[in-house]
Amino acid sequence: MIDTIIDWLRSITFLQIIDFVGTFAFAISGIRLASAKRFDWFGAYVVGAATAIGGGTLRDVMLDVPVFWMHDGFYLSCTGFALLWVIVFRKFLINMHNTFFLFDAIGLALFTVVGIQKTVDCGLPIWVGIVMGTITGAAGGVIRDVLINEVPLIFRKEIYAMACVVGGIAFGICHMFDMPTVVTHLSCGVAVFITRVLAVEYHICLPTLKAEDEEDEK
Amino acid sequence: MIDTIIDWLRSITFLQIIDFVGTFAFAISGIRLASAKRFDWFGAYVVGAATAIGGGTLRDVMLDVPVFWMHDGFYLSCTGFALLWVIVFRKFLINMHNTFFLFDAIGLALFTVVGIQKTVDCGLPIWVGIVMGTITGAAGGVIRDVLINEVPLIFRKEIYAMACVVGGIAFGICHMFDMPTVVTHLSCGVAVFITRVLAVEYHICLPTLKAEDEEDEK
Amino acid sequence: MIDTIIDWLRSITFLQIIDFVGTFAFAISGIRLASAKRFDWFGAYVVGAATAIGGGTLRDVMLDVPVFWMHDGFYLSCTGFALLWVIVFRKFLINMHNTFFLFDAIGLALFTVVGIQKTVDCGLPIWVGIVMGTITGAAGGVIRDVLINEVPLIFRKEIYAMACVVGGIAFGICHMFDMPTVVTHLSCGVAVFITRVLAVEYHICLPTLKAEDEEDEK
Chain A
17 MIDTIIDWLR SITFLQIIDF VGTFAFAISG IRLASAKRFD WFGAYVVGAA
67 TAIGGGTLRD VMLDVPVFWM HDGFYLSCTG FALLWVIVFR KFLINMHNTF
117 FLFDAIGLAL FTVVGIQKTV DCGLPIWVGI VMGTITGAAG GVIRDVLINE
167 VPLIFRKEIY AMACVVGGIA FGICHMFDMP TVVTHLSCGV AVFITRVLAV
217 EYHICLPTLK AEDEEDEK
Chain B
17 MIDTIIDWLR SITFLQIIDF VGTFAFAISG IRLASAKRFD WFGAYVVGAA
67 TAIGGGTLRD VMLDVPVFWM HDGFYLSCTG FALLWVIVFR KFLINMHNTF
117 FLFDAIGLAL FTVVGIQKTV DCGLPIWVGI VMGTITGAAG GVIRDVLINE
167 VPLIFRKEIY AMACVVGGIA FGICHMFDMP TVVTHLSCGV AVFITRVLAV
217 EYHICLPTLK AEDEEDEK
Chain C
17 MIDTIIDWLR SITFLQIIDF VGTFAFAISG IRLASAKRFD WFGAYVVGAA
67 TAIGGGTLRD VMLDVPVFWM HDGFYLSCTG FALLWVIVFR KFLINMHNTF
117 FLFDAIGLAL FTVVGIQKTV DCGLPIWVGI VMGTITGAAG GVIRDVLINE
167 VPLIFRKEIY AMACVVGGIA FGICHMFDMP TVVTHLSCGV AVFITRVLAV
217 EYHICLPTLK AEDEEDEK
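Chains as they are written, first to last, in the working numbering: chain A, 17 to 234; chain B, 17 to 234; chain C, 17 to 234.
Be careful, since some hints might not be right.
Put simply, identical chains are the same to the list, so a pair is met inside one copy or across any two.
[To be verified] Here are the simulated DSS-like pairs of lysine-lysine, each with C-alpha atoms no more than 25 angstroms apart in a straight line:
#, residue 1, residue 2
1, Lys134, Lys226
2, Lys107, Lys226
3, Lys226, Lys53
4, Lys107, Lys53
To be clear, the hints were calculated from the coordinates, so they are not data collected in a lab.
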């Protein structure tokens, strides 16, 4: 019994660390882009928060369930901590590039898993779950780019949202074969993480749609 | 009894064709604009989907009813089919211009009718229905333009959303006189379609607001 | 009994005047910016409505309560009246600058109070209320700027949304000490209004985040 509680505490703590790492990395990405546009602290905070919790908010509103961050002060505090971090360590951020990239990929993986599981728990089919997992992971970045008035990056750069779809398919396959939840979640998360890391490492992009008056390459 | 079923099947099929035609045309318009901005396939799919289902999603979220596309795989498949179409027939799209325009007008008409009916079914007054019908028909295009970082086209070009309002007024009048549903729907849809076609044919625009330092024409 | 009714009528009327003044000022700000971009009447109306009711709509959707403007034709009529006003008095608007600024600050104060109270009524903690009050007051302006394809103004100019936060803290303190509702609301509204007026009078801005390659001033 005590062992169960300790295990439970451990799992909670681990998940919370992951959750913090992901939320923090997402918020940092929003705040840095806002600072490049010379936003003030409030604007930077809003863009950071929109990046970190925007995807999950959109998911919860569409699923018609209570919006997650309203019931846990953790997410908005975490964004505040990210803002403080950027203000204090501004000059060193560029050197933390690889760390942030890894944190971001971890966050993407976690948010995808959470999004799919929450959708399936609502009794919706797995393909809706894959869409919602992708929205949870990637929509925050789109909202961020809309707020800073740029064309959304994820529609043109290395595979980002597609990593969520790959993870979602892994989730779907495990789900189909009634695997234990922990295996399903791990497979999904690892698939997202590896796809994302490989995509950036080898600059894997999806094909671009050509404009209609453009020649095909010979 | 068998006749009823056949009639029912016929009506379903006809509506489904209209629905396909409209969703397809809306998705194509999103995908083409995304391709002009050199989005990758995923980005183009997202913009296409946002154009096709964005208005209805906004409506369902505001009405607090289940989001329509989550309960029918048809809409997202249809967007996938539209993406495939653009990839394969890219060079011929320009020649299908008139066809797509007609499809788009048909979709606009159908989406307006569906939006109004759904709102009235929620027990809301008809003027909310007209707003919701217009949102169902026109908000997808606004979301599309926000995602590709352009000023929304429908706020400046030939009458588009106003056609939904005209159709909505037709719906309201029929509703007031307790006409049969089929008459109400047809009047509304036809009003939207004709308004839109006439507006483009004769370049009918709404007056533009002048900037505050501008002279009136003499 | 009659006195009670008269008092009630008076309070209603006063609140309605405030509500009209605020909605009108918010709508005007949207319509004027739309006219600078040469939007047509419909586009200007949509941008005006989005500015006036966008924040409250986002709040109601996230709180999962009925969207306020659907149950009271007042808000959309008020936006229509604002459009008419801009069309007719276009050349004189520039001289009404100070009036509109005051109206806007009054609206900001009222919308913040309404947003916080509605959130607290949903049983959510006060910090969620402060976030929701800020969204009610300031999100409309962000949606406006997204629709006209500009970087949101409130993220870079004099304190605007921060005034809602200041008012929210006043609300929270009164709430903590179980003050009567009218005191709580007045303290909050007055705090928002004064913060906003002082910020513009003395050009008080929040610090700007510096870009990462920028030198600190000596």
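Give the relationship of Lys107 and Lys226 under a CA distance limit of 25 angstroms: within one copy only, between copies only, both, or neither. between (39 angstroms within a copy, 10 angstroms between copies)
Tell me, please, which holds for Lys134 and Lys226 at an alpha-carbon limit of 25 angstroms: within, between, both or neither? neither (37 angstroms within a copy, 39 angstroms between copies)
Using 25 angstroms as the alpha carbon limit, work out where Lys107 and Lys53 are close: within a copy, between copies, both or neither. Classified as within; 17 angstroms inside a copy, 34 angstroms across copies.
Can you give me the call for Lys226 and Lys53, within, between, both or neither, at a CA distance of at most 25 angstroms? Only across copies: Lys226 and Lys53 sit 9 angstroms apart there, 30 angstroms inside one copy, limit 25 angstroms.
Of the hints listed earlier, the one the structure fails to meet is number 1.
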